[in-house]
Amino acid sequence: MADECCASQAAPAPEVDHGPQRIWQVRELQLAAVAAVLLTAGLLTPDPVGAGLTLASAVAGAATFVPGAWRALRRRRVGVGTLMTIAAIGAVALGQFTEAAMLGVLFSIAEGLEHYAIARTRRGLRALLGLVPPTAAVLRDGTETRVAPSELVLGDVMILRPGERAATDGVIRSGYTSLDLSAITGESVPVEAGVGAVVHAGAINGGGAVEVEVTALAADSSLARIVHIVEEAQDRKGTGQRIADRIARPLVPAIMVLAVLVAGLGALFGDPMLWLERALVVLVAASPCALAISVPLTVVAAVGAASRQGALVKGGAALEELGRIGTVALDKTGTLTRNAPKVVEVVGGKDVLIAAAALEARSEHPLARAILDAAADVTPAEDVTAVAGHGLRGRRDGAELRLGKPGWIEPGPLASDVDRLQAAGATVVLVEQDGVLLGAIAVRDELRPEAPEVVERLSGLRIGTAMLTGDNSRTATALAQQAGITTVHADLLPEDKAKLVEGLRNGRKVAMVGDGVNDAPALATADVGIAMGAMGTDVAIETADVALMGEDLRHLPRVLAHARHARRVMLQNVGLSLAIITVLVPLAAFGVMGLATVVFVHEFAEVLVILNAIRAAKTTPLPETAPPPAPPKTLAITTVARGDDKGCCDAC
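Terminal number for the sequence shown in the working numbering: 1710, no gaps in between.
These are calculated hints, taken from the structure and not from any lab test.
As the structure is a prediction and not an experimental result, all values here were calculated from the model.
No residue lacks a Cβ here, since even glycine has one placed at the ideal position from N, Cα and C.
Mixed in with the good hints there might be a few duds.
Unchecked claim - Result set (DSS-like, lysine-lysine): computed pairs, CA atoms no more than 30 Å apart in a straight line:
hint	residue 1	residue 2
1	K1567	K1676
2	K1408	K1463
3	K1463	K1400
4	K1567	K1557
5	K1463	K1557
To be verified - Label pairs and their in silico Cβ distance ranges:
hint	residue 1	residue 2	range
6	R1080	F1648	24 to 30 Å
7	A1473	T1443	22 to 28 Å
8	I1081	P1510	41 to 47 Å
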């Protein structure tokens, strides 16, 4: 692997194409084949022609690493290629043409396989951009025309017909369809989409024709951002890679010093030429190239594979931390639940819902959306103010209104109803008018149907789970029981979640799973922050260590298992690389193994490291079918009679 395998010692590689498409197109392997043919011919041909062919073989093989080593030396950098160059030149100087040729052939094969493996994994990632069609149908001046995606501008209206892919991000302005996002999120279940729905680049239109207004240039689409982020992530170094670098960087000059000592001290007690030959063998035996590529190649393969399954892992550091996770803290809303709360019951009559909707009319809170969707007509209240952590207050038709959680507003005669609804997993808010309790509204965000399966799979990986939520304890406990989670922390503020993440460690690495925005403090505090359903969400993608593109929670145990597998591969590669150096160096120094044997064993070990690293790309797709959604709940309105006045409840 020339100097390029020791990234800290070589110049940054220039921007090139996506690498060779076929293995026989790899330059190093082509030169290795030429060198192998010349070596075979040289061994079969009598001298001096045979010696000349063998020398030509050594030159052809050395062409893959000598130029790079020379360029590095001119920049005063010493790398693995330098060691191999010295060993090859020394072997030729000693007349060991066959050994020099074998070194060139085997080293070129190993370097070519590494080059091809990296190019293949990166090409697989770049293939995501192939999801963008070569042309897009667009309406301009009332005429439909086809243009290249790069020619699309903001505000253009694309015509997306059945079976076609979206060329960039947009919003549906006309029509209704289903979108297949499996190539982006790894989820096979189509998503229903109508007017106002977001369409991401690469999505396949699985239903009727729709008109989509362009909201992002093709170069800035969600798909392009994903590829860019993962390419950057593949270059980031994890702990294991930094350890490998720390070992490999000083090891190269140390090997050169060791070789000089072997040659010098050996010459004092024996044949100088014999010990010079052994010093050259030590240079090859102790070369740390396998160590230097062991982790980076694994990271490239694992991160690229995860991205093709809908999980963005931000580099080697995040990958390694993810592989060590022992506890997963899950936010409730939007993670364990659908983040689509619905009003499931109203206690006290329809006016309760109308009063609540008046206060919530201008709120963006998910509970507010549920109440507004359930109310027929809404007239916004006046002077509405939020009381942090409690609820809202305002005025309607001269009456004072309050809406908030039990405790801030006393449930009084509705205490038993509040207990019943909270025990059923609903969030309850009370409504009060002029100090008189009107009633209660129960809102429930249904548990994701796959949540129990996910908790069970995490348990199978020996990963503990905990729920963190700002909701009340009874509601949180009810949902946790449905999911199979035994550790519940409720009534939490965002800063409380961050503190709890610290407390959950107990010597184990903790991952926090949230929406990437509201849970930012906890995501930042955890060893690994995981954003759920982050497709198209800039904040979630940028802030989290890991971003799960899809909405299927089953992505979580899959990416954790994938990271564990990749970490095992890293440790195997580092261990094998160090073991080879430890065994070969003394055998080479004392002449037990000659140059040809050491070269073969050394390069064979590098090939094993490369092949093992490629195993990190193995992933398991999600099952084709997702758990069926829970049936919608019927809205129940219970009227509670009050005999102390002639309020609206008596008239209902």
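Hint-by-hint comparison with the structure:
1. K1567 - K1676: Holds: K1567 and K1676 sit about 24 Å apart, inside 30 Å.
2. K1408 - K1463: holds (19 Å)
3. K1463 - K1400: holds (17 Å)
4. K1567 - K1557: It holds: about 15 Å lies between the C-alpha atoms, which stays within 30 Å.
5. K1463 - K1557: Between K1463 and K1557 the Cα gap is close to 24 Å, so the pair holds against 30 Å.
6. R1080 - F1648: 24 to 30 Å: violated (43 Å)
7. A1473 - T1443: 22 to 28 Å: Given about 27 Å between the Cβ atoms, the range holds.
8. I1081 - P1510: 41 to 47 Å: holds (45 Å)
Checked against the numbered hints given earlier, this structure breaks only hint 6.
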